[in-house]
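*Asks:* In case you want the letters, here they are:
2 protein chains.
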Amino acid sequence: MNPSHLSGPVLVLGSGLLGASIGLGLRARGIEVFLSDPSPSAQAVAVDIGAGRAFDPAQSLSPQLVVVAAPPDVTAGVVAGALERYRSAVVVDIASVKGAILAELEAMDSLGGDGLSRYVGTHPMAGRERSGPVAARGELFNSMPWVLCPTQHSSAQAVKVAHSLAIDLEAVVFRFSAAEHDAAVALVSHLPQVMASLVASRLQDTPGPALSLAGNGLRDVTRIAASDPALWVQILGANAPKLLEIMQGVRSDLDRLINTLSAPTAPGARLDLAQLMAEGNAGQSRIPGKHGGPAQQYSWLSVLVDDRPGQIALLLTEIGEIGVNVEDLRLDHSAGLQVGMVELSVLPSRRVALVNELTARGWKVLQ
Amino acid sequence: MNPSHLSGPVLVLGSGLLGASIGLGLRARGIEVFLSDPSPSAQAVAVDIGAGRAFDPAQSLSPQLVVVAAPPDVTAGVVAGALERYRSAVVVDIASVKGAILAELEAMDSLGGDGLSRYVGTHPMAGRERSGPVAARGELFNSMPWVLCPTQHSSAQAVKVAHSLAIDLEAVVFRFSAAEHDAAVALVSHLPQVMASLVASRLQDTPGPALSLAGNGLRDVTRIAASDPALWVQILGANAPKLLEIMQGVRSDLDRLINTLSAPTAPGARLDLAQLMAEGNAGQSRIPGKHGGPAQQYSWLSVLVDDRPGQIALLLTEIGEIGVNVEDLRLDHSAGLQVGMVELSVLPSRRVALVNELTARGWKVLQ
Numbered sequence: 001m002n003p004s005h006l007s008g009p010v011l012v013l014g015s016g017l018l019g020a021s022i023g024l025g026l027r028a029r030g031i032e033v034f035l036s037d038p039s040p041s042a043q044a045v046a047v048d049i050g051a052g053r054a055f056d057p058a059q060s061l062s063p064q065l066v067v068v069a070a071p072p073d074v075t076a077g078v079v080a081g082a083l084e085r086y087r088s089a090v091v092v093d094i095a096s097v098k099g100a101i102l103a104e105l106e107a108m109d110s111l112g113g114d115g116l117s118r119y120v121g122t123h124p125m126a127g128r129e130r131s132g133p134v135a136a137r138g139e140l141f142n143s144m145p146w147v148l149c150p151t152q153h154s155s156a157q158a159v160k161v162a163h164s165l166a167i168d169l170e171a172v173v174f175r176f177s178a179a180e181h182d183a184a185v186a187l188v189s190h191l192p193q194v195m196a197s198l199v200a201s202r203l204q205d206t207p208g209p210a211l212s213l214a215g216n217g218l219r220d221v222t223r224i225a226a227s228d229p230a231l232w233v234q235i236l237g238a239n240a241p242k243l244l245e246i247m248q249g250v251r252s253d254l255d256r257l258i259n260t261l262s263a264p265t266a267p268g269a270r271l272d273l274a275q276l277m278a279e280g281n282a283g284q285s286r287i288p289g290k291h292g293g294p295a296q297q298y299s300w301l302s303v304l305v306d307d308r309p310g311q312i313a314l315l316l317t318e319i320g321e322i323g324v325n326v327e328d329l330r331l332d333h334s335a336g337l338q339v340g341m342v343e344l345s346v347l348p349s350r351r352v353a354l355v356n357e358l359t360a361r362g363w364k365v366l367q
Numbered sequence: 001m002n003p004s005h006l007s008g009p010v011l012v013l014g015s016g017l018l019g020a021s022i023g024l025g026l027r028a029r030g031i032e033v034f035l036s037d038p039s040p041s042a043q044a045v046a047v048d049i050g051a052g053r054a055f056d057p058a059q060s061l062s063p064q065l066v067v068v069a070a071p072p073d074v075t076a077g078v079v080a081g082a083l084e085r086y087r088s089a090v091v092v093d094i095a096s097v098k099g100a101i102l103a104e105l106e107a108m109d110s111l112g113g114d115g116l117s118r119y120v121g122t123h124p125m126a127g128r129e130r131s132g133p134v135a136a137r138g139e140l141f142n143s144m145p146w147v148l149c150p151t152q153h154s155s156a157q158a159v160k161v162a163h164s165l166a167i168d169l170e171a172v173v174f175r176f177s178a179a180e181h182d183a184a185v186a187l188v189s190h191l192p193q194v195m196a197s198l199v200a201s202r203l204q205d206t207p208g209p210a211l212s213l214a215g216n217g218l219r220d221v222t223r224i225a226a227s228d229p230a231l232w233v234q235i236l237g238a239n240a241p242k243l244l245e246i247m248q249g250v251r252s253d254l255d256r257l258i259n260t261l262s263a264p265t266a267p268g269a270r271l272d273l274a275q276l277m278a279e280g281n282a283g284q285s286r287i288p289g290k291h292g293g294p295a296q297q298y299s300w301l302s303v304l305v306d307d308r309p310g311q312i313a314l315l316l317t318e319i320g321e322i323g324v325n326v327e328d329l330r331l332d333h334s335a336g337l338q339v340g341m342v343e344l345s346v347l348p349s350r351r352v353a354l355v356n357e358l359t360a361r362g363w364k365v366l367q
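Protein chains in written order, with the numbering used here: chain U, 1 to 367; chain C, 1 to 367.
A portion of the hints provided could be inaccurate.
In this list, chains with the same sequence are indistinguishable; a pair is considered to hold if it fits within one copy or across any two.
To be verified - No farther apart than 20 Å at their CA atoms in a straight line, the calculated lysine to aspartate or glutamate pairs in the EDC-like style are these: (1) Lys364 to Asp168; (2) Lys364 to Asp306; (3) Lys364 to Asp109; (4) Lys364 to Asp114; (5) Lys364 to Asp253; (6) Lys160 to Asp306; (7) Lys364 to Glu170; (8) Lys364 to Glu245.
Simulated from the structure, these hints should not be mistaken for laboratory data.
Required output: the full structure, derived from the provided sequences and hints.
*Replies:* Written as structure tokens, this is what we have:
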């Protein structure tokens, strides 16, 4: 376990959800935090919730670390300004894209003396449906991935401080180059985002009765289509080259599918469809299971519950009494009547016993 | 509430998951059920679990209703055979596509006298991860949609019997024409299926470290990519024309996106991306909320729990004590450390009180 190299003070530039959460997390460890945000109200709220002290530009401050928590569009400029102003500070950013920001910085003429040696790009992969400082929490990063992207310029000391920030906030640290990071998030984050939006946009003119048949499949695929356009436009724009490559591959597969659907009884059509499905099976099974472990095959069962308060709690309490750990849990929303389905996954070796025991206790178990 | 017009006996042809579940549900209502399946073991298992009695082809049986629960490829043939053999029976099928089956039937020369007047296409939209009769449950259809697709040929009496089947199994009945049904499921079921598979297939060659960054967005979008290829090849093939139209629309949007990503700083590029995201927002918000009601905006909060048995149960029990109903619940799997995040949605009016009360009780609440 690496000891922390972060002693403070830390200056957080941008006190939205992430910046304020970083402030709260560091304050909980007794580290001195100063906050600044272009919006006076965002700054005031962050100060009010205890994320740090208001930064007064007139004060002379020599932070050990500056965290730039600004939107991707302006991040490079704010990083450059911080490297210039705070000549002994390590400066990190937390934007969702790394290559574009690094390219902007490298294109700048002067970066405060030893400039880029004091910069480390990072990306904490945490976030909530709500935004803004009022939603901030110090535990936001607990056990979530935090990617560090040291550049060829970054000094060992700067990397240690950046690493300490993530560790102090109880994140799980990954190290990638900026390019590797951008390729990875293009695939695991940006691709599903645009595909969810492409599916959801098809529903705009759907007649209401057709939508009544929507099940959890559609809901799952389109869940993240509710994301905030303003932020995503910046992310997709900044990571366009990496995402473009992936979308071209998708288009190629889509062309193949469209050809097949145009002549579904032609020789080989069935095989084409089976191949798409099988490739989907193969890719999906590679996604890591719980807590980053190997893709684990858990066993599923479903239990019908009345839609009254306390029913799910009662079910889980009884499962606890039976002594089986619930590995994953989902609710399946039904149409019309006031029942719901709780889908549970457990270790395969525990499944039969659980089904038998729950059934004996009067629960309606579907397998 | 319509009284049931179903008195039996019912002959179920095909005793896989759906056929056996239908048998179990009808037996629970005291209706006499006979089962037949080309696979002797599938038939034996279904009989063993109480889904009905083994049908002996030598016996003379005059069923009130024949339920064809066969794969889509062979359904029309089995329906035709049943209409021919059981001259006073209503015959329904339960396949996921309706138009192709009806077209096959209409193309046949003779269909047992008054033939198609005794046929009603139906589609119960229920199902589980597991298949086969061993997974069957009589409650499988409770509060799930069951679509009836009476044809221009169907008699009123046949429709009443088909309707009774769905009602007796406690489903929620929808009426669509075969064409409306196929268009609807193409959109709400087949489109998300192929898009999930298209995304997941991109992951086949991804380096492991990149996949470590996978979050719930990717998991949600690719969840149904684990579906069974053999069945889906038949469904997609049979509904190809309706799905083709939709996929051509998706390709058009994808082309637009690829153009934009190729020149992300060109004038209008940002607007294009914003429009895709906004259209996704708009479509997603039209999906009905819980129990088929209007798309409800619930409020979300997340609570950190230790990954030990009983923790989620304890949390939900306390929420029950606080007196707030949990409208939806998801687990967020973290990387590395042994904590998990429980995401809950509640009525907006109850959220603040719940957050305050949980925090007071020592829970770590993220907003």
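*Asks:* Taking the numbered hints from earlier one at a time, note which ones the structure violates and give those numbers from smallest to largest.
*Replies:* 3, 4, 5, 6 and 8
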